[in-house]
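Q: Now for the letters of each chain:
Protein chains: 2
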Amino acid sequence: MAAAPPRIVILGSGFGGLTCALSLKRARASLTIIDQRNFHLFQPLLYQVATAALSPADISMPIRRILQRQANARVILGEVESIDRTARTISLRGCAQVFSYDHLVIATGARQAYFGHDDWEVYAPSLKQIEDATDIRRSVLSAFEKAEAETRPDERLRLLSFAIVGAGPTGVEMAGAIAEVAKSELAMPHRSIHGLKARIVLVEAGKQVLPGFIPSLAATAVRSLERLGVEVRTGTKVESCDAAGIIAAGERIGAHTVIWAAGVQASAAAQWLGVAADQAGRVVVQADLSVPGEPNIFVIGDTATVPWKEGRNVPGIAPAAKQEGAYVADALLRRLAARAPPPAFRYRHQGDLATIGRMSAVVDFGWLRLSGALAWLLWSVVHVFFLIGFRNRLMVAVNWLWAYWTHERGAELITGQRRDP
Amino acid sequence: MAAAPPRIVILGSGFGGLTCALSLKRARASLTIIDQRNFHLFQPLLYQVATAALSPADISMPIRRILQRQANARVILGEVESIDRTARTISLRGCAQVFSYDHLVIATGARQAYFGHDDWEVYAPSLKQIEDATDIRRSVLSAFEKAEAETRPDERLRLLSFAIVGAGPTGVEMAGAIAEVAKSELAMPHRSIHGLKARIVLVEAGKQVLPGFIPSLAATAVRSLERLGVEVRTGTKVESCDAAGIIAAGERIGAHTVIWAAGVQASAAAQWLGVAADQAGRVVVQADLSVPGEPNIFVIGDTATVPWKEGRNVPGIAPAAKQEGAYVADALLRRLAARAPPPAFRYRHQGDLATIGRMSAVVDFGWLRLSGALAWLLWSVVHVFFLIGFRNRLMVAVNWLWAYWTHERGAELITGQRRDP
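Protein sequence lines, in the order shown, are assigned to chains F and G. According to the working numbering, the first sequence holds residues 35 to 455 in order. According to the working numbering, the second sequence holds residues 35 to 455 in order.
Quick caveat, the hints were computed from the structure, so don't treat them as lab data. Quantities reported herein were computed from a predicted structural model and do not represent experimental measurements. Incorrect hints may appear among the rest.
Copies of one chain are not kept apart here, so a pair can be met inside one copy or by any two copies together.
Stated by the list, open to error - Simulated pairs of lysine-lysine, DSS-like, Cα-Cα distance not exceeding 30 Å: (1) K217 x K59; (2) K180 x K59; (3) K241 x K180.
All chains should be built: construct the whole structure from the sequences, respecting the hints.
A: Structure (C-alpha cells):
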C-alpha cells in the first residue's frame, strides 16, 4: 500500500500563498489552503475601488475558482486560532475540525498600523480590505453630497477637504485619484458646489514621497500631484486624528475624510508560533524562508522579514511575495522528491511603479525610467496583465476604457449605510 | 421682472420619482429630487446581486449622472424628517436647510413587512436594498463554505438548507437562483461537500405561487422550480423564524439561510402628511393621484394605493410606478401651462414576467403567453433594455454572457464581515 501523501497547509491566499499553491500543482501532496476570505484580492488596485472606478468583484477572484482544476488542493474558509508546533496541527476559530500538516506555509499578510494609536482608526480608515475600500468610497462620495446641502462656508470647506497620511504608493495613488474625483464632482453643472475647490493634503513623516524610489522620480511624482492640486507635505508627522480632521506638525488640518496609508503590522504568525519578530511583528526567517529550528514551517510575504541589500529588507510588495511563494514551492517539491534544497532565497527587484491620477504615472525598472502618460499606459498594461482570471482582466479593461472615454466612474455608489424607506 | 419659477420637489428616485423627474425635463420649474441614496436601484435584478451573478454597480446608477444634463433639476441626498403642509416645507434629518415646494411628489417606496414580527428580520433578511443583497450573498455563499468544514451530518444538512418565505416574483426568482448556485457549488470537484444535495424550500401562505399570474403559468413555474429541486409549499403559513430556521404549518424546517419575500409596508408618507392610509401604510389617493384636500401633493408608486379592476389595486411593480410618475409629470406640465388637467389616471398592465433559474422563465403579455428558454430570452432583453444607462446595460450583458458560457458567477464574494489579518 502506498503511504498517504504528505500534507501541506498554506495559510493565506494573497500573492504569496496563492503563488505557492499554484506552483505546487504537480506536487504529490495533499494541499489545504486556509483563508479568512473566500477570494484572492488584487490589493494594488484597491484604491480604485475606494475612488469608485472599479467594483469589488473586478479585483477579487474566488480562491476556489482559481484552484478548481488543481486536483491536489482543497480550500477551507476559516480564521487561525492557534498552531500546535508539537502536534503539527492548526485550530480554526469556531471550528471543531483540526487541520494536521507535515509542511506549513504561513502567508497571512499584514494590516495597517497606527503606531500605538488604534483609536485613530475610526477617524482615519486604512486601505487593506474590500470593506475598507467601500467605506472610504462612501466617505469620499458623501463628502460632496453633504457639501451640496451645507450652507456654512467653513463646514463646506472642511467637507471638501481630504487628508491622506503616508506617501507610499498607496498614499500617492489615493491622493491623485481623490483629486480626479473632486475635479469631476465639482465640474458637474447644476450643483451648489459647482466651481468650488477641494483641498487635498498628502502628509508624509519621511523626507521623500514614494520612499524607495529614486529621488528624481519622487520629485516628478510631487510635481504631478501638485499639478492636480494636491498639497504635498513631507517631513510632517501626524500628531492626532479626530472627528474634525488631523493635527500635523502642530497645525490643524480640517478634513471630513482622512485616509491612513502609513505603516503596517504583520499578522499574528509570530505569536501563533512563539518565535522572534521584528518591530512590525514580522517573523525573522532563515535564508530558506523557514522558521529557525522549524524546517517544516515557512513564513513568506508581509508576514516575514527577509534581508535584501544595503541594510534594507525585501519590500512588502506583490512581486516579492510571489517570488517567495514560488521559492518555497520549489523547496517543497525538491524535499518531496528527496533532492537537494535550493540555494538561499534571493530577491530580484523588478522595479517600482506608482500611478498619479488620470494618465500619469512614474515607473522605474532600473534600465528604464519613465513618467507621464506612457508610464501610465505601461502601469495599466502590467496591472491588467497580472490580474488573476480572464474575466476580471476583461472587466477591468472595459471599466477603464469607459472611465477614460466618458470621465465617468462606474461605481459611484454610497453603500453600506442602511436606510429605511 | 419674471416671477421665480415654481418649485417642484420629488421625494425618492425609484422608478416613479425618476420617471416623473425625467418627464419634467422641459418644465419651466425648479426641480429638487431628494433621496436617501445617491443612486437609482434597478430593483427587479436585485436578486441577481444576492445570488452573486451581478455586482451592485451593475444595477445601480448615480441619480446625479442620470440627471446631469437636465438643467432644471438638482439632487439632494437626505432623509425626510417631516413635511409642513401649511408652510409647504420639507425638513431633512440632520440638515439645517429647509426645502420649500409649490408642488410635491412623494415616491418613497416601500420596505419589507414582517406582519408584526419585526424580530424575525435578523433571521430572515429581506431583499429591498443593495445591502440586503450583499448580506444575503454572504449568507448563501458562507453556507457552502461552513458546510465544507463541518463534520456533523445533521448540521451539514441544515447549512445546505435554504428557506424562502413568499412566492411572488422575488421569492420564485430567489428560489430558482439559489438552486442554480447550489448545483454549481456542489458540482465543484475536490470538495468534501461534492455530490451532496441542497434543500431549497419555497413557502407561500396563499394558494398559488406568483399571485396575480394566471393559474396555468403559475403551474408551469412550479414545475420548473421542482425540476431544479425546489420544494414548493403553497397554503403554508410561517409561524416562527429563529436562528435554526423556520416553523411553517407546525413543521420545523431547519435552514442556515432564510430569505423573507412576503409582504411590504409603505414608507411613512401617510404619517408625514397626517392622511389616511390602507393596512400596508399606502396613502389613499384620488383619481389624479393627488392627496384628498391637497391638490399640490401627489403620491405615487409603492407609497400609494390606486384602484385598478375587479376590486384589485394597481400592483407594486416598476411599470406601474413609471406610469404614475409620467402621469403626474403630465398633470404638472398642464398645470404650469394653465391648461385643463388630464383625465383620471388609468393603469395599463403590460404583462407579468418572472424568471426561474438558468434559461427558464414565464411571461404573460395577455396576447402572448410563453414559458421556458424563449421566455427567458425575452425576459433578459426586456430587463437589459430597461436598465438605466448604456454602461450598466453593457456590463450586465457582458456578465450574463460570461455566466452562461462558463457557468461561473462573476461576484462570488463573501464581503461585509471585516476580518483582521
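Q: Does each hint fit the structure? Answer for all of them.
A: Comparing the hints with the structure gives:
Taking the shortest alpha-carbon separations for K217 and K59, only the inter-copy value of 26 Å comes in at or below 30 Å, while the best intra-copy value is 47 Å. In the homo-oligomer, the alpha carbons of K180 and K59 lie at most 30 Å apart only across protomers (25 Å), although the nearest pairing inside one protomer, at 52 Å, exceeds that limit. Neither within a single protomer nor between protomers do K241 and K180 lie at most 30 Å apart by alpha-carbon distance, with minima of 35 Å and 48 Å respectively.
Checked against the numbered hints given earlier, the structure breaks only hint 3 and satisfies all the rest.
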